[in-house]
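Colleague: This is what each chain is made of:
Number of protein chains: 4
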Amino acid sequence: MHNLRIAVVLGTNRNGRTGPTVTRWFLDRAGTHPGMDLDVLDVADLPGGDGHGSPSATFSSRIDAADGFVVVTPEYNHGYPGPLKSAIDSARREWFAKPVAFVSYGGMSGGLRAVEQLRPVFAELRTVTVRETVSFHNAHTLFGPDGEIGADPSSAEAAVRTMLDELHWWGWALREARQRRAYPGLSGS
Amino acid sequence: MHNLRIAVVLGTNRNGRTGPTVTRWFLDRAGTHPGMDLDVLDVADLPGGDGHGSPSATFSSRIDAADGFVVVTPEYNHGYPGPLKSAIDSARREWFAKPVAFVSYGGMSGGLRAVEQLRPVFAELRTVTVRETVSFHNAHTLFGPDGEIGADPSSAEAAVRTMLDELHWWGWALREARQRRAYPGLSGS
Amino acid sequence: MHNLRIAVVLGTNRNGRTGPTVTRWFLDRAGTHPGMDLDVLDVADLPGGDGHGSPSATFSSRIDAADGFVVVTPEYNHGYPGPLKSAIDSARREWFAKPVAFVSYGGMSGGLRAVEQLRPVFAELRTVTVRETVSFHNAHTLFGPDGEIGADPSSAEAAVRTMLDELHWWGWALREARQRRAYPGLSGS
Amino acid sequence: MHNLRIAVVLGTNRNGRTGPTVTRWFLDRAGTHPGMDLDVLDVADLPGGDGHGSPSATFSSRIDAADGFVVVTPEYNHGYPGPLKSAIDSARREWFAKPVAFVSYGGMSGGLRAVEQLRPVFAELRTVTVRETVSFHNAHTLFGPDGEIGADPSSAEAAVRTMLDELHWWGWALREARQRRAYPGLSGS
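Residue numbers (my numbering), protein chains in the order written: chain A, 0 to 188; chain B, 0 to 188; chain C, 0 to 188; chain D, 0 to 188.
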């Protein structure tokens, strides 16, 4: 029984300070979670496209190879960043019948409004979005210059474990189900 | 191998003409779909509550007994009807780790905006919402006085079959997974 | 020049502890804001209806008499409470061309996801929803038994003033505009 | 009394067939609407940016010069296209206290789900989103090779007039209000 393969999709702006800090902090914790192999995909590495189905064979094949996903996203004006959406839209069947979890960050809302807008997007892509999220409120003041959470990090670390445990349950449920029966959405349009 | 047990939750206004017509039309088709036993729950039968956790032991136990759901909803002002939301909120763990599909109706939008608002609600309830929907656009003129679709009903009937086939896949995937491993959301809060 | 008339619509559950506490705290602050007369409408006082256009002449006429609104809402399963939605749906033209502001409360999200779902609902009702909100995160632990915020309340009080100032600007803008030109949505359907 | 200045923001993919056809059809009708001067901004002309505040002085200054907006958008996976979102996010105060209307296109939904996701985005930008929309359902089969609507275009043309009339009402209401009182969001953060 192999590990689950989880693709972490980074929707953050690489030029800011908060996004890369949140990403590093999360990847450090997720990397030690048992039973998962991580593949990290940075949206900023993708070629600019037309926002719909632009060819990015590498991105699609890595989405295809994964059993589940963690999407790391900031919240811009209550929604998701444009480049993240273009990346999501550039694949299609590769997402089907797999679970998607979220790490979000923002100000007062902790990025949760971006997550809410992504849930129906991923419903169209025939995924299940996991209830448990990791959200960083007022992220720009939460992390110190050393990239660590200044206050007690234990509740954030517990949130990571809870989210990955739920992703793990869905990941195995759907990997086994896909092997047992062809997914109907994959034989039609 | 028993049939899947599907609870159909009627969120429609029983006093109108369109809601009951859509409901009857859908139940006639769904009743003959192979591999499913239907249980029909009418939100209008529920006692009025405070909108959150009001005790309705019967509703909860019938949600608990089901392997999956079809929610029939109109669209009121781009959202879901209040009584439907109160019913959904009155259960909690009974929904977990099961699939939810939608039949919607409305004017120009076919009720699809109500469905979009229900997807994040059901994500909090740890369900998966099925991509395929059955939607009736301009429903008040679509059905004749005999309760049948005036024009060719074949595309609507195909939409019912496609949606139920997808619900069936998710229903079995999750029924088997729940038997194999305890769902993590059910051992915590 | 008369004061603006602001209707405060209470969507909270009167049987809980948090909702009434949040409501009292807000009404105490709003009552002293200059240039506004408040009318308080409690959704729990409305007769249970069918969730769409149920006759409640009193509610509609008080919505009609107002120049603007503050909606106080909890978040239930990422959405708005059923009884609040039924109340909103029970009026129509009475809302048109007026501003709506929000006071929300909840756990991690501060009720902000309920606000996001209400914005498109109020767009259909031809209102403008004000950007500035007052949101209480982890509201059940924020207020002491005396109904006051345990920690420093100054940022919450500043949020009330900022939100009411913005509501005031929109309230006057639209009151004057309605007097100057007939709103097109009021001469059509 | 000068005409209202309306900026039409094209969020469509210039390489497809449907987007440019919808755009041309709409601009032909809007160009003859009385009392408005149109400025057309194509998102595809913007430099690729990081999706948040990327400098595009020309775009911002043209948004700033406008009294109101029409956003033309397809629906990709129930949401808005990435490049459109990046363009919206690249301006801020230039949007404040102005109305935004929508022309959308898509399959079964007519693009209306993309519009729903844009409404809260534009609420953060302190705009009002106009209720009346122009939506093209099954847009890829609706228009003939000559770029005209094959069937009777009168209801689509009426929808354009109704939407622009409502935009016109809000455009004048807010232009006059901004001149009369400073918008509070413009003196703070």
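Hints were generated in silico from the structure; no laboratory data involved.
A virtual CB, placed ideally from N, CA and C, is assigned to each residue, including glycine.
Heads up, some of the hints might be wrong.
Going by beta-carbon spacing under 8 Å, a handful of chain B positions derived as facing chain C [stated by the list, open to error]: (1) Ser-55; (2) Ala-56; (3) Asn-76; (4) Ser-85; (5) Ile-87; (6) Ala-90; (7) Arg-92; (8) Gln-116; (9) Glu-123; (10) Leu-124; (11) Ile-148; (12) Pro-152; (13) Ala-155; (14) Glu-156; (15) Trp-171.
Colleague: If a hint holds in the structure, say so; if it does not, say that too.
Modeller: Each hint tested on the structure:
1. Ser-55: Result: violated, 13 Å to nearest chain C Cβ.
2. Ala-56: The hint is violated - Ala-56/B has no Cβ within 8 Å of chain C, the shortest such distance being about 18 Å.
3. Asn-76: 4 Å, holds
4. Ser-85: Nearest chain C Cβ about 3 Å off; hint holds.
5. Ile-87: 7 Å, holds
6. Ala-90: 10 Å, violated
7. Arg-92: 13 Å, violated
8. Gln-116: Interface hint status for Gln-116/B: holds (5 Å vs cutoff 8 Å).
9. Glu-123: 4 Å, holds
10. Leu-124: Holds: closest Cβ of chain C sits about 6 Å from Leu-124/B, inside 8 Å.
11. Ile-148: 23 Å, violated
12. Pro-152: Hint violated; Pro-152/B Cβ to chain C Cβ min 27 Å, cut 8 Å.
13. Ala-155: 24 Å, violated
14. Glu-156: Hint violated; Glu-156/B Cβ to chain C Cβ min 28 Å, cut 8 Å.
15. Trp-171: 26 Å, violated
In this structure, the hints that do not hold are numbers 1, 2, 6, 7, 11, 12, 13, 14 and 15, in rising order.
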